[in-house]
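Order-wise, the sequence lines are chains A and B.
In terms of this note's numbering, the first sequence is numbered consecutively and its last residue is 644.
In terms of this note's numbering, the second sequence is numbered consecutively and its last residue is 644.
Read the hints as simulated data drawn from the structure, not as lab findings.
Keep in mind that the hints are not guaranteed to be accurate.
Here are the simulated distance ranges between beta carbons [as the list claims (entries may be wrong)]:
no.: 1; chain 1: A; residue 1: Arg149; chain 2: B; residue 2: Pro618; range: 48 to 58 Å
no.: 2; chain 1: A; residue 1: Asp110; chain 2: B; residue 2: Ile523; range: 20 to 30 Å
no.: 3; chain 1: B; residue 1: Gly414; chain 2: A; residue 2: Gln246; range: 50 to 60 Å
Computed far set for chain A versus chain B, every beta-carbon distance over 10 Å [to be verified]:
no.: 4; residue: Arg10
no.: 5; residue: Lys27
no.: 6; residue: Arg409
no.: 7; residue: Arg476
no.: 8; residue: Ala487
no.: 9; residue: Pro554
Treat the numbers as computed from the prediction; the structure is a model and nothing was measured.
All C-beta atoms, glycine included, are put in the ideal place defined by N, C-alpha and C.
Number of protein chains: 2
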Amino acid sequence: MDLDSVCGGRGICSKCQVAPAFGSFAKHGITAVPDALSDWNAVEARYDRKRGLAAGRRLGCQAKVLGDAVIDVPPESQVHRQVVRKDVDRREIAMNPATRLMYVEVPEPDMHEPAGDFERLARALADEWGVEGLSADLTMLARLQPVLRQGAWNVTCALHKSHRDTGWRLTGLWPGLHEGGLFGLAVDVGSTTIAAHLTDLSTGAVLASAGIMNPQIRFGEDLMSRVSYAMMNPDGAAEMTAAVRQALTTLTRQIASDADVATEAILEAVFVCNPVMHHLLLGLDPVELGQAPFALATSGSLSMDAGALGLSSLPASARIYVLPCIAGHVGADAAAVALSERPDRAEERTLIVDVGTNAELLLGDGTRVLACSSPTGPAFEGAQISSGQRAAPGAIEAVRIDPATKAPRIRVIGCELWSDDPGFEEATRAAGITGICGSGIIEAVAELRLAGLMDRSGLIGSPQATGSDRVIADGRTWSYVLHDGRAAGGPLVTVTQGDVRAIQLAKSALYAGARLLMDEMEIDRVDRVVLAGAFGAHISPLHAMVLGMIPDVPPDKVTSAGNAAGTGARIALCNIDARREIEELVGAITKVETAIEPRFQEHFVAANAIPHDSAPFPELRRVVVLPEVQFGASGGRERRRRRG
Amino acid sequence: MDLDSVCGGRGICSKCQVAPAFGSFAKHGITAVPDALSDWNAVEARYDRKRGLAAGRRLGCQAKVLGDAVIDVPPESQVHRQVVRKDVDRREIAMNPATRLMYVEVPEPDMHEPAGDFERLARALADEWGVEGLSADLTMLARLQPVLRQGAWNVTCALHKSHRDTGWRLTGLWPGLHEGGLFGLAVDVGSTTIAAHLTDLSTGAVLASAGIMNPQIRFGEDLMSRVSYAMMNPDGAAEMTAAVRQALTTLTRQIASDADVATEAILEAVFVCNPVMHHLLLGLDPVELGQAPFALATSGSLSMDAGALGLSSLPASARIYVLPCIAGHVGADAAAVALSERPDRAEERTLIVDVGTNAELLLGDGTRVLACSSPTGPAFEGAQISSGQRAAPGAIEAVRIDPATKAPRIRVIGCELWSDDPGFEEATRAAGITGICGSGIIEAVAELRLAGLMDRSGLIGSPQATGSDRVIADGRTWSYVLHDGRAAGGPLVTVTQGDVRAIQLAKSALYAGARLLMDEMEIDRVDRVVLAGAFGAHISPLHAMVLGMIPDVPPDKVTSAGNAAGTGARIALCNIDARREIEELVGAITKVETAIEPRFQEHFVAANAIPHDSAPFPELRRVVVLPEVQFGASGGRERRRRRG
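Extracted from the complex, chain A is given alone in its bound form (with noise of 0.2 Å):
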């Protein structure tokens, strides 16, 4: 078992505390007396006057074995402690950070021996560490002088060890020992949302978590339009980059000062993007990604400073890591799914899909890892929907309909009781009810088909053909009305005609990605799927087994990784072996073009039906009933459409 020690055993940083235990101990057949360990020495009893040593604590640094002994090393005196994951408790990170800190004492400059002050240094690492191949940056050396003559010749230095080169690099220094801690950001940069977890780079832990929009929506809101934007104006890359850079520079001040950290701490930073994010993050033109054949600048992981990035937030000298890109449209953010979810060590043949304007799909049976993406479009997150909106207070996010009566419950953000749940109506009137999100529309979809209101083939049928006066005319097909807010001057929430359409054609891809990653393994049915995204965390599995989003399986068997990417960057962040795995594993994948697969088109023109048009998910049937209505035949204005 490895001590943690940032003083070098000098008895002044106590990272290496331990807690000896005495008796008899039956388990590994010896009995520990006190004698078993040497007596507090005069650097414990320093220690311990100045900074207190908690009762039954001893400094690893300084007791001495002298007989059979049994020693607790508390979680938090082990390098490679490992630190639960709060959001999904199923694995733990294990610590293994590139950057630690090294508190050391430099020997003095001499006339005779005129060695420079960082050559100095780095011998004393060497001695004392054993750090071999010390470089640091000019920012870096400028603050050499003053910091050892300050510290007087002891100074606690900051140092990462890239997980593919060797050597050291130094990235931070302090005079005296540094207590003040270590720390690191894991950055999820999506195209709405950017997301940064503030990490204590010693013990794991997450100390603040912070969202800012991405400023990009003002060139496009989705990924295509942005690619758009560079590719018309001559500096729109630029400008982009220079936006989200402007962004991810407030978002670790306000993130730093959540946590009430100095970011002159802050000396690491991971980051997972899409491709279109991650160009333009690292000041790359996307152009290349929005036509075929979606061609990345670079593909591999990449690591370099802070100042190297744009990045005026954080020490010129931090480490960057970005994960490495699995396709030009799965990214580093599906990669870092990879490394939280690890399909490449699935027990079961287990899909993950990570839903948001563009699914990323993994599937993994312990031997084989597929990848690829499917343009599933924005509906999803309920744009391209007549009532859509973002999940925001307001927004219609469950969905239940009476088979019997045709009647909705809902639910809405910011409120947890139902519709027809007593005082809904006073818990909402705030907000109000604006609107349906992406979650809400995936219910209200499924629910229409397990009322009987909507027919396999997508068709919502008419008042006269469902019994239902829920049912209104649109033009020349039939909506379901959610909610009618007008008597209180709110909105009429409905799902109409097109929103099932919109739905549909999202869900068909998704399943029909799902599929090719299938027939590329050649396997008819997956054991798992994991539903990984904020996103996917909201979603009801088996609303999303009724429309056919996913392949058949038990709906136990469908569960949610919550926010996968951000773990992923966290694991990436904390432990430089995940930097490694990673790579390998992204070079191991083997990649499903979608675009250029022609039976992409057979199975998404199959899976236009809900659920399917000739899977029978019997998974499914097992636990729910589908009612075999068909308005298609009986005509209507469906018919009528069509015709015209």
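Based on the hints, put chain B in the right spot on chain A.
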């Protein structure tokens, strides 16, 4: 013999041209018939048609050897060609630059194998050129996609291989075959002047040399006044850093324009400078260099991107190499002198003297090298001299005094004539005779001694004692009139007793430094003295020895190395092995610190006499007679001054 190539054997760059010879070669014992080489193939024919191939030349990548043949490989086709050093023809520079050009055909992107463009470039370079571990900064990654497409997937890369790390760095990129060449700058950043040589990195030829005044002069004439400026002003060091970097930007643009070379193709620069300039160039506060123990922030060599050094006239990806410093007073410029003169390989005990405001001294005997700096002050440069001036037109640079008549002859910068040659007056009328420069004052003082006008203690005799009316009163001391231009409205140029004292202080410091090194090496005499520096080129060896500036050696063993620091910078620019060698050599040099060596003061006092109080200078006395005059005891004004 390694054949040069940029195109990698495609027959389009013609760097590999060879000249086969035919006939009977007794020396080699073979007869070479024309059939010994394959016939011209289509590739050679195409090249000859498009560009023309000189008669008798073949493309080395195309011609096949089919029998006994004698092939002449002209120097320009050799990778490790030797370049004759123009300035001093004693040695050659072997070419082995860090950066070279490689033409490569990159596979087009493929959606089935979605590696990024950079990754495909890296694989092509590995396959065709054996380049492993390629990296690129964001500026190069940003250029990659457009250049690859502009060149239809054929590009020329500039690749830099560090002498320290494994791996290559992409530093330049052109569509198709780049025929514009590749260039580097060797720069000597002096306190007064910044001098740069623009060098062809393929041939080693110097295409242009240019100098610019160091604009830091406005912050202080000499080094210590600049250190003071940094100490007294909060942003003083940063101001001086900005000034020197701005000057380098101007100088780079000027020299590139002089040679008609695009700055985009200048992808390397090597810097040498004294320790204070070194720190100010790098943005390091030089304050510690102004006080004992004169600690350098860093003494090792440095490698970085031009972007990190803030040199905006060079591509951000251009690689910078800064030679190591030897000690707090013995800088990278002295290391460059060592690289040029190689005292570690000297077959004789060789003292190398780089004369400037501070003189740096190197002593080598082929087994050890010792180094020190001597605080000569600026007298040797004409500063602190009553009629002193910079070496510029109008300055007296050479002086001869007739021992019989005590009359002087002078020569002035800008005119090859001596003052007693016909036409001297007309030739010097335009510029005038304005003062005396460094080499002039050294000769003048030495000539005063040789002519018996000044005794060994440095005292100028009275008109009575010397019998010369060129000696005039100057307060209580005597001055010698070199030139009286007052009748024509010009100045009276004299050598005053104060001037002699200033030169004595300077030369005593220089000699004492040399003696310290000799003590350390436990030798009593050296075999050879090399004078380095632009100033060294103008010092008369005989006069330097009369003055006792340098230890006694036969005058023909005193040679000038010209601008050895600049030559050392050029060597490091052209050959990465030289970088390793100078780093090793600097590490092995024994540094002697004059400031703390008690014997320095003893040597200094003993060296005050001209040539010396105790050292007999037998070699000097073999070629000149030093009149045994003595003016101090006979009183005169000097005696009165001492009493007064």
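Tested hints:
Our hint of 48 to 58 Å for Arg149/A and Pro618/B holds, since their Cβ atoms are close to 51 Å apart. Checked against the given bound of 20 to 30 Å, the beta carbons of Asp110/A and Ile523/B, roughly 26 Å apart, stay inside it. Taking the beta carbon of each, Gly414/B and Gln246/A are about 58 Å apart, inside 50 to 60 Å as hinted. Taking the minimum C-beta to C-beta distance to chain B, about 24 Å, the non-interface status of Arg10/A holds against the 10 Å cut.
The Cβ of Lys27/A lies farther than 10 Å from every Cβ of chain B, with a closest approach of about 50 Å, so its non-interface assignment holds. For Arg409/A, the shortest C-beta to C-beta distance to chain B comes to about 46 Å, beyond the 10 Å cut-off, and the non-interface label holds. At roughly 40 Å, the least C-beta separation between Arg476/A and chain B is larger than 10 Å, which holds for a residue marked as non-interface. For Ala487/A, the shortest C-beta to C-beta distance to chain B comes to about 54 Å, beyond the 10 Å cut-off, and the non-interface label holds.
In this structure Pro554/A is separated from chain B by more than 10 Å, as the shortest Cβ-Cβ distance comes to about 34 Å.
Every hint, counting from the list given before, is met by this structure.
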